[in-house]
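Chains as they are written, first to last, in our numbering: chain A, 2 to 426; chain B, 1376 to 1667.
Since the hints were made in silico from the structure, they are not lab data. Just so you know, even glycine gets a beta-carbon here, dropped at the ideal spot from N, CA and C. Careful, some of the hints might be misleading.
As the list claims (entries may be wrong) - Restraint ranges, calculated between C-beta atoms of paired labels, are given here: (1) B:Val1559 to A:Asn266: 45 to 53 Å; (2) B:Met1497 to A:Lys203: 21 to 29 Å; (3) A:Lys409 to B:Leu1596: 50 to 58 Å.
Claimed, not checked - In silico lysine-lysine, DSSO-like type, Cα no more than 30 Å apart, as pairs: (4) B:Lys1515 to A:Lys252; (5) B:Lys1436 to A:Lys421; (6) A:Lys323 to A:Lys174; (7) A:Lys64 to A:Lys421; (8) B:Lys1587 to A:Lys409; (9) B:Lys1522 to A:Lys292; (10) A:Lys273 to B:Lys1436; (11) A:Lys192 to B:Lys1522; (12) B:Lys1522 to A:Lys203; (13) B:Lys1522 to A:Lys273; (14) B:Lys1471 to A:Lys276; (15) B:Lys1515 to A:Lys203; (16) B:Lys1522 to A:Lys215; (17) A:Lys193 to A:Lys409; (18) B:Lys1522 to A:Lys276; (19) B:Lys1436 to A:Lys193; (20) A:Lys215 to B:Lys1436; (21) A:Lys252 to B:Lys1522; (22) A:Lys409 to B:Lys1522; (23) A:Lys174 to B:Lys1522.
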Amino acid sequence: MKKILSIVLAAATAVSVMAGCSKGETGSQAGSGTGTGAAATSLTYWYWADNSSYSAKMQEIVKDFNANNKSKVKVTAQEYPWDGGAYSQNLFTAAMGGGGPDIATFKLTSTPQFTANKLLANLDSYISKWSEKDDIDKSLYDIMKQASGTNSIYVMPWNTQVLYVYYRPSMFKAAGVSVPKTYDEFLTACKKLTRDTNGDGKTDVYGFSMRGSKGGQEPWGSFIQARGGDFTNFASPEAIAGMQDFINLYKNHYAPPTAPSDGFNETVANFKSGKAAMVIHHIGSAADMVKTLGNDVDAFVFPAGKKQWTSLGDTENVVFDKCQNKDAAFEFVAYMATGKGQETWCTATGNVPVSKRVQKLPAFQNNKFMKVSIAGQPHAGIFPVRDTTTDWINTVWPNTVAAALSGKTTAAGAMQTLQKGLYGK
Amino acid sequence: MVRRKTNIWPYLLIAPALLVILSVVFVPAVNAILMSFQNYDLRRPSQTGFAGLANYIEIIKDPLFGEALVKTILWVVFGVGFQFVFGFILALLLNKKFKGRGFVRSVSLIPWVTPGVLIGLMWRWIYDGSYGVLDDILLKLGLIGDKIPFLAQESTAFPSVVVTIIWQGIPFFALMLLAGLQGVPRELYEAADIDGANAFQKLFNVTIPSIKNTIFVTTLLRIIWVANSVDVIFNMTGGGPAYSTQTLSVYIFNTATSLNLGYSSAMSIILTLLLLLVAVPYLRSMFRNQEA
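Produce the entire structure from the sequences given, and follow the hints as far as they go.
Encoded structure:
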């Protein structure tokens, strides 16, 4: 009897390993899904905000919409953390479980997994009837279609962020460096800006605050393209050369030794604390940078090598297929795309508006960071949107690049792994 | 002959707990077993279907699985081993009478009652290579010449997360072993004193044999919990850099969040079987000793 008891006890304790992996137990953060029933009068909206000020602004926008919308609906905005991209997974898990919101803030890279599971509402008929559809550039609609892998639009443009290089003018002056105009000049600047400022034999300022953790593929992509590579063939000699440049910055100690594990917070902290002279991010950080550094921060577009590329950060809105009042939901996403919601949000966050009308407003024309964003827009692009992209960004890229930075694998070996991770061959 | 009356009350009383366990543990577990034999990747729902042993064959070929398995063994051996050693020392200390013992007992529980997510975040900042307090202390003590990016390099990331899990688990061992120590009859020590036993002889011939079953159960529980632990590593490194801290449970979690539920289920079945390989002989040996 005791033998049987021992086996049952062991099985009961060990079986909990399996339980956590089952579909039904994947920690859904299901929303209330209040928009059910015919002509629902309330809708739930999920969004993320980078700081508490943006969070308050979103609540203000939704309040304004609730007071003035024609559909007489009440949108309830629920905030979820971005958490390095975990937001998208949580949204997907909730929606697959039958919960989640009616409308949500969204990233294009997630589109294939949502459309493959028929979770998103097709917006074609709404957009074709929409009087303000021409306020958004046609190219953006094309990108939305491309992301879904169909000829339909499931994702409503909202705002973009063009990555550029923030730099500390005082450090450039002290190192005798001028703003790089070519890719080679940029690499040289990384070297010259790396300095021992107090003569103790240790580096105090690094040229470039490298991001080796999740999200680091965006600045990294500029290096690959600058050597003439592209994202269809990571194993090309040009792409490998770009990767080698990236590795060299770390190996030559022009980037902080913590780079393989540095994410957004760490790279920006390095820059703001004076540990690094340059960092790549978008306009979303501008207000905070100015608050900390005053006039000692400026920006330039990542310079051209054989090619010029910078990452186009995108944020959109989607309407879920289960939403029972899609007319009202579309009114909300339209309000966010070209209406007052667009103006208020982009003014507060400094993100690049998708509405041509809003782009022309003085607040956007007189901002130096917005000017750099707009200057970078012609070179801005996205990574291939495939069903493997999210995993590639979250797991494959950071681990492969960390192995390359530590010398565990070569630039060529790393690029072959990245190719396989994204394309499966 | 005494007629036994059937009393349904005990069954009714345990029924709610049994139902909950069945619905939140056994149903998902059975579901996981079924899914492990399926191509179940939510990114490609059109390809969902029975796949036989395909997931298991792929696991055998997967170099990351082998690497994660080795990491899991090291994680459990060093993690649980040092938790036991330090937990036992702490339990022996807390078993002595001294002023403020109650306070020390309460404070020593802090690592155990702190949520794993918080522990992960806290230690991540302690180890931070730019602003971490550990580097600062080591520099001030003159033990290192330059800051060490503990979590950013493969050679130090894994030992760093192991130290964190040791820190977290010491109080649990201490608490359990302390309860065991308090049940050891004083007469045994008095007899050992009369026989002229020294402190080590008393430890190995009286204390440890008396609390052997507590040690067995506590160690088994910790082996299973530590092997399944995801929160600490996930919040400290996410399994990186270069997969150097990716244990099996973290690999399973990462694969599941990448929506490949069939593959992650197959890996979780293998982890379960591996834990059973440890747990069954362990418990059988424990009960055999009890019978003896």
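Evaluation of the provided hints:
1. At about 50 Å, the beta-carbon gap between Val1559 of chain B and Asn266 of chain A stays in the expected band of 45 to 53 Å.
2. Look at Met1497 of chain B against Lys203 of chain A: about 27 Å separates their beta carbons, and that is inside 21 to 29 Å.
3. Checked against the hint of 50 to 58 Å, the pair Lys409 of chain A and Leu1596 of chain B fails, with Cβ atoms roughly 36 Å apart.
4. Proposed proximity of Lys1515 of chain B and Lys252 of chain A is supported: the alpha carbons are some 27 Å apart, at most 30 Å.
5. Distance check on the hinted pair: Lys1436 of chain B and Lys421 of chain A sit about 15 Å apart at the alpha-carbon level, within 30 Å; holds.
6. The hinted pair formed by Lys323 of chain A and Lys174 of chain A fails the criterion: a straight-line CA distance of about 57 Å is larger than 30 Å.
7. Among the hinted pairs, Lys64 of chain A with Lys421 of chain A is inconsistent with the structure: their alpha-carbon atoms are about 47 Å apart, more than 30 Å.
8. Between Lys1587 of chain B and Lys409 of chain A the alpha-carbon distance is near 44 Å, which puts this suggested pair outside the 30 Å criterion.
9. Restraint check for Lys1522 of chain B and Lys292 of chain A: satisfied, since their Cα atoms lie roughly 29 Å apart, inside the 30 Å limit.
10. Using a Cα cut-off of 30 Å, the hinted pair Lys273 of chain A and Lys1436 of chain B is violated, with the two alpha carbons roughly 45 Å apart.
11. Taking the CA atoms of Lys192 of chain A and Lys1522 of chain B, the gap is about 21 Å. The hint holds against a cut of 30 Å.
12. For the given pair, Lys1522 of chain B sits about 10 Å from Lys203 of chain A by alpha-carbon distance, which is consistent with the 30 Å threshold.
13. Between Lys1522 of chain B and Lys273 of chain A the alpha-carbon distance is near 19 Å, which keeps this suggested pair within the 30 Å criterion.
14. Restraint check: the Cα-Cα separation between Lys1471 of chain B and Lys276 of chain A comes to about 50 Å, which exceeds 30 Å; the hinted pair is violated.
15. Of the supplied pair hints, the one linking Lys1515 of chain B and Lys203 of chain A holds, its CA atoms being roughly 16 Å apart against a limit of 30 Å.
16. A C-alpha spacing of about 23 Å is found between Lys1522 of chain B and Lys215 of chain A, which places the hinted pair at or below 30 Å, so the restraint holds.
17. For the given pair, Lys193 of chain A sits about 27 Å from Lys409 of chain A by alpha-carbon distance, which is consistent with the 30 Å threshold.
18. Our distance criterion of 30 Å between C-alpha atoms is met by Lys1522 of chain B and Lys276 of chain A, whose separation comes to about 13 Å.
19. About 46 Å separates the Cα atoms of Lys1436 of chain B and Lys193 of chain A, which puts this hinted pair outside 30 Å; it is violated.
20. At most 30 Å may separate the alpha-carbon atoms for a hinted pair to count; Lys215 of chain A and Lys1436 of chain B meet this at roughly 27 Å.
21. At roughly 16 Å between alpha-carbon atoms, Lys252 of chain A and Lys1522 of chain B fall within 30 Å of each other, so this suggested pair holds.
22. This hinted pair checks out: Lys409 of chain A and Lys1522 of chain B have alpha carbons roughly 22 Å apart, not beyond 30 Å.
23. Of the supplied pair hints, the one linking Lys174 of chain A and Lys1522 of chain B holds, its CA atoms being roughly 28 Å apart against a limit of 30 Å.
When each numbered hint is compared with the structure, violations occur for hints 3, 6, 7, 8, 10, 14, 19.
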